[in-house]
Amino acid sequence: MNYIEFTVFLLPEIVLLVTALAVIGIDCARRGKAATGAGGTLASASLCAAGILVAALIILIMPQEGRIAGGMLVLDPLTRLFKLVLLAMTLVAVLMLMETRPVRHVGENFAVMLFAAIGMMLVVGTEELLVLFIGLELTGISLYVLVGFARSDIRSAEAALKYFLFGSVSAAFLLFGLSLIYGFSGSTELGEIGVAMQAGGMEPLLAVGLVMTLVGFGFKVAAVPFHLWAPDVYQGAPAPAAALVASASKVAGFFILAKVLLLGFAGAEGGAAWGGFQPGWVPLIGVMAALSMVVGNLAALVQNRVRRLLAYSGIGHAGFMLIALMAATPAALASVLFYVVIYGLTTLGAFGVVTVVLRAREGDRLSDFAGMSRQAPLLSFSMLIFFVSLAGLPPLAGFFGKFYLFTSAMGAQAAPGGQPGMLWLVLLALVMSAISLYYYLLVLKQIFFVEAAEGTPVIRASKTGTWTCSILAAATIVLGCYPGILLGPIRLAVGAAF
Amino acid sequence: MIEWTFISAFAGAAVLLLLPPHRKMLARIVALAAACIGFGIALAAFFLFERGAGAEPFQFVVERDWIPALGIGFHLAADGISLVLLLLTGVIAITGVLFSWNIEKSPKQFFALFLIIIGGAYGVFVSFDLFLFLVFYEIVILPKYLLIAGWGSTNREYGAMKLTLYSILGSALVLAAAMAAYVVAGLGSFNLFELAGVAYAPAFQAWAFPMMFLGFAVLAGIWPFHTWAPTGHVAAPTAASMLLAGVVMKLGAYGALRVAMPFFPEGLEQWRIPFAVLAAIGILYGALAALAQRDLKFVIGYSSISHMGFVLLGLLTLNTLGIGGAVLQMFSHGIIAALLFAVVGRMVYDRTHTRELADLGKLRLSRALPFAAVTFTVASAASMGLPGFSGFIAELTILLGAWDSIPLLLLLVGPGVIITVAFTLKALQASFFGDNTDSPGTVPALPPISAPERVGAIVLMAIALAVGLHPTPLLDLILGSFDSALMSSLLK
Numbered sequence: 001m002n003y004i005e006f007t008v009f010l011l012p013e014i015v016l017l018v019t020a021l022a023v024i025g026i027d028c029a030r031r032g033k034a035a036t037g038a039g040g041t042l043a044s045a046s047l048c049a050a051g052i053l054v055a056a057l058i059i060l061i062m063p064q065e066g067r068i069a070g071g072m073l074v075l076d077p078l079t080r081l082f083k084l085v086l087l088a089m090t091l092v093a094v095l096m097l098m099e100t101r102p103v104r105h106v107g108e109n110f111a112v113m114l115f116a117a118i119g120m121m122l123v124v125g126t127e128e129l130l131v132l133f134i135g136l137e138l139t140g141i142s143l144y145v146l147v148g149f150a151r152s153d154i155r156s157a158e159a160a161l162k163y164f165l166f167g168s169v170s171a172a173f174l175l176f177g178l179s180l181i182y183g184f185s186g187s188t189e190l191g192e193i194g195v196a197m198q199a200g201g202m203e204p205l206l207a208v209g210l211v212m213t214l215v216g217f218g219f220k221v222a223a224v225p226f227h228l229w230a231p232d233v234y235q236g237a238p239a240p241a242a243a244l245v246a247s248a249s250k251v252a253g254f255f256i257l258a259k260v261l262l263l264g265f266a267g268a269e270g271g272a273a274w275g276g277f278q279p280g281w282v283p284l285i286g287v288m289a290a291l292s293m294v295v296g297n298l299a300a301l302v303q304n305r306v307r308r309l310l311a312y313s314g315i316g317h318a319g320f321m322l323i324a325l326m327a328a329t330p331a332a333l334a335s336v337l338f339y340v341v342i343y344g345l346t347t348l349g350a351f352g353v354v355t356v357v358l359r360a361r362e363g364d365r366l367s368d369f370a371g372m373s374r375q376a377p378l379l380s381f382s383m384l385i386f387f388v389s390l391a392g393l394p395p396l397a398g399f400f401g402k403f404y405l406f407t408s409a410m411g412a413q414a415a416p417g418g419q420p421g422m423l424w425l426v427l428l429a430l431v432m433s434a435i436s437l438y439y440y441l442l443v444l445k446q447i448f449f450v451e452a453a454e455g456t457p458v459i460r461a462s463k464t465g466t467w468t469c470s471i472l473a474a475a476t477i478v479l480g481c482y483p484g485i486l487l488g489p490i491r492l493a494v495g496a497a498f
Numbered sequence: 499m500i501e502w503t504f505i506s507a508f509a510g511a512a513v514l515l516l517l518p519p520h521r522k523m524l525a526r527i528v529a530l531a532a533a534c535i536g537f538g539i540a541l542a543a544f545f546l547f548e549r550g551a552g553a554e555p556f557q558f559v560v561e562r563d564w565i566p567a568l569g570i571g572f573h574l575a576a577d578g579i580s581l582v583l584l585l586l587t588g589v590i591a592i593t594g595v596l597f598s599w600n601i602e603k604s605p606k607q608f609f610a611l612f613l614i615i616i617g618g619a620y621g622v623f624v625s626f627d628l629f630l631f632l633v634f635y636e637i638v639i640l641p642k643y644l645l646i647a648g649w650g651s652t653n654r655e656y657g658a659m660k661l662t663l664y665s666i667l668g669s670a671l672v673l674a675a676a677m678a679a680y681v682v683a684g685l686g687s688f689n690l691f692e693l694a695g696v697a698y699a700p701a702f703q704a705w706a707f708p709m710m711f712l713g714f715a716v717l718a719g720i721w722p723f724h725t726w727a728p729t730g731h732v733a734a735p736t737a738a739s740m741l742l743a744g745v746v747m748k749l750g751a752y753g754a755l756r757v758a759m760p761f762f763p764e765g766l767e768q769w770r771i772p773f774a775v776l777a778a779i780g781i782l783y784g785a786l787a788a789l790a791q792r793d794l795k796f797v798i799g800y801s802s803i804s805h806m807g808f809v810l811l812g813l814l815t816l817n818t819l820g821i822g823g824a825v826l827q828m829f830s831h832g833i834i835a836a837l838l839f840a841v842v843g844r845m846v847y848d849r850t851h852t853r854e855l856a857d858l859g860k861l862r863l864s865r866a867l868p869f870a871a872v873t874f875t876v877a878s879a880a881s882m883g884l885p886g887f888s889g890f891i892a893e894l895t896i897l898l899g900a901w902d903s904i905p906l907l908l909l910l911v912g913p914g915v916i917i918t919v920a921f922t923l924k925a926l927q928a929s930f931f932g933d934n935t936d937s938p939g940t941v942p943a944l945p946p947i948s949a950p951e952r953v954g955a956i957v958l959m960a961i962a963l964a965v966g967l968h969p970t971p972l973l974d975l976i977l978g979s980f981d982s983a984l985m986s987s988l989l990k
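So the protein sequences, as listed, match chains A and B. Take the first sequence: its position 228, counted from the start at 1, is 228 in the numbering used here, and no numbers get skipped. Take the second sequence: its position 110, counted from the start at 1, is 608 in the numbering used here, and no numbers get skipped.
The set of hints was computed from the structure by calculation and includes no laboratory data. Fair warning: there could be bad hints in the mix.
Straight-line alpha carbon distances no greater than 30 angstroms define the calculated DSSO-like cross-link-like pairs of lysine-lysine that follow [claimed, not checked]:
| hint | chain 1 | residue 1 | chain 2 | residue 2 |
| --- | --- | --- | --- | --- |
| 1 | A | LYS463 | B | LYS603 |
| 2 | B | LYS660 | A | LYS445 |
| 3 | A | LYS445 | B | LYS860 |
| 4 | A | LYS463 | A | LYS445 |
| 5 | A | LYS445 | B | LYS603 |
| 6 | B | LYS924 | B | LYS990 |
| 7 | B | LYS860 | B | LYS924 |
| 8 | B | LYS522 | B | LYS603 |
| 9 | A | LYS463 | B | LYS522 |
| 10 | B | LYS660 | B | LYS860 |
All values derive from a computational prediction rather than experimental measurement.
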């Protein structure tokens, strides 16, 4: 191991770090002048965008593949693909940040966003518990700051505090669980932990470690019963921060959860087939999945604010993804990864539209969306695409995503007699998914069929906002018609990694 | 070539969405052109289809890879059953556009959504890959909602949402059973023929069949899950009612015939009688409910439940007569229901703004709108199964099939047939001929029936009459497709 090698492996992250520091530097230099001006926003955003593009380019052309320092840093097609996905999502969040009202010290806001991106990239690119934890903490702390950035808004402060308290407690759980697992296996590397688990049986302390780890991850992906922070954070945070929490952070969370479960906890699966329960992590995830689907989708039905609605629907979607993780096979992993990317893209887009509405109407109640189709047709059409994809109707990406996800889950644990053992969960998921169409339609009804009341401000989208949302919507349609574009690379990469 | 049916419809929708909003007449013409192209292709396929001994049961085959990782192919084909339903879809597409010619509120969006449903229906009828089938099957759900919620009348948001939720919950059942079948078969392929050839374990079929069949049957309006249909049909704008009753309900019946029944023959055997009883109850219940309605559109909505009960009953007889009659009934009811909804929704309601039988009776409609009165009389005669119209042949064959197969059920169906005559005559009399005095009272001045309406009504009446007088071409086509492996396994 030498430092040159380290530097090369971390080059994209280093580029982001340098960019972030430069953004802060520029912000400081301008502080004497009007630091809030639109010029500052534009300069910071362009610099961030450039940094992200350079980092992405480096990932694309970087020839190195391999692992150094016992899996501390891993570069394979899968991690590269997901680093690219995370960068793309951060880029959209950066563009959204341009759309919000300028706050003081806007440069810091951009810089912290890049810090979060670095954290998520570290999380994705490791197979070792210590780096994993550091990455998660870097992401977490950056996100706490981002959520609380609208300092004059009491809701933002409340959200940040809630997020921080929940987050730090869950981090403690995670750390405790990981230390128990280290104590059991004598290694911090996922592969070796997996070998040790397959060799040893399910000991009580190991079980405690497994549960604690899952609690920690349950918070990260907002699965019931560790979801309580999500609605308040989505609601209170500035929209770009909430978008990042809902999309990129969820992608990273699911990615590493899948890796820990499949690599590290191999051999401790247990069983959750109907009538075939066996202790292990699969039944635990099963309970979390069922609760998340039911609570998330039912609670979303009664929400009057679109960001809360997106939060609860996100909890429901986390449940959908968890059921495919239970299959614990590389094929099922590919379906989870495909779905989480699609989910991230559509949620980002939906938050993009919400950002525009928030700016124009200063609220995100359902009635604040009334009459939008007349005022911003392209944006309204994009919202239709995002929501219909989230509800899982063809020909949008969400349909294939759900179909693949549920088919993988269905194929998981065969019950006695050759029956598909997870039918009960898949059926629950399908019914919940059908119910979800109801609340998505409630929002769309406001957008398309309800006239705006007299005197409501007109929704005017900037070019950047319209273009960003339209491109995301187009991607949702294209990936729905030709899922192979994304599925091919994911399956190849998963095949190479497992 | 068969793929151009739905490609033309979707392309038409795309063109419409790109038109400038004020070009309303251009939007109508584009919609009509797209509908005509689709119908033209269906008609060409009807004539080019090779018949007789030695001809392939499935023709116009298209096979391309789509998502090879999961064994999903772009696999299209058509047999006689598909062709009959393609023709029906084409006819409804054209007449639906004609009867919506007067739409002034955003016609381009209206016709675009209309064409997406048409395209989805074409796609369902020619897909022989299970995933592709489900894609088309679910594509129609959202446009249905938007059409009703955006352009509907009475209680439209309630009707639209109810219909949408029933549709998607029905497809949730279908999806669950389809995924399970794919996984249990273990072929790694969604090809319909391959999946239908798998011998699934009886214990699996025992729950997979009812799950899938019920999912499809909800869309076909099976009692007691039919309640979405009357409210939805009443709330919908005329073209959407025509499409819902004419084509979309058939998607459910077609799915049951094409997927659920061939996949799970043993489950079918086990569940045949219970579902047939539900179908027969639907026939009787739909007729009784129609008799009790005061709103003319509700009468037709409930009569659709009754007529679709015949389709489901015919399918479950599992003999040539019953299934053949069921497919013919799909075609026949599609035409007749569309005609009835067109008269009530477009010719009458758009002019009088009421559908209450009591109010219509005072309007002397037979004098104010003689053309509408003639059309409705013809449509009623066809609907109650008068000899000479398509409904007579179709329902008679189904009854003969049922007599061979489940004769006891005719105790339920028989009264249903009689009540159908009763409610049809009652509605006809009350709405158009309510004022039977010869007193020279004032006849309300209503806008005359326009040319597109006349053309549409004449086309539909001509088809109902032509098929009734000479059903052989369609029946031969339907019966000819019973030799394929997919169908012959069904027949007992």
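Consistency of the hints with the structure:
no.: 1; hint: LYS463/A / LYS603/B; in the structure: 29 angstroms, holds
no.: 2; hint: LYS660/B / LYS445/A; in the structure: 14 angstroms, holds
no.: 3; hint: LYS445/A / LYS860/B; in the structure: 38 angstroms, violated
no.: 4; hint: LYS463/A / LYS445/A; in the structure: 25 angstroms, holds
no.: 5; hint: LYS445/A / LYS603/B; in the structure: 17 angstroms, holds
no.: 6; hint: LYS924/B / LYS990/B; in the structure: 40 angstroms, violated
no.: 7; hint: LYS860/B / LYS924/B; in the structure: 15 angstroms, holds
no.: 8; hint: LYS522/B / LYS603/B; in the structure: 9 angstroms, holds
no.: 9; hint: LYS463/A / LYS522/B; in the structure: 29 angstroms, holds
no.: 10; hint: LYS660/B / LYS860/B; in the structure: 33 angstroms, violated
Of the hints listed earlier, those the structure fails to meet are numbers 3, 6, 10, in rising order.
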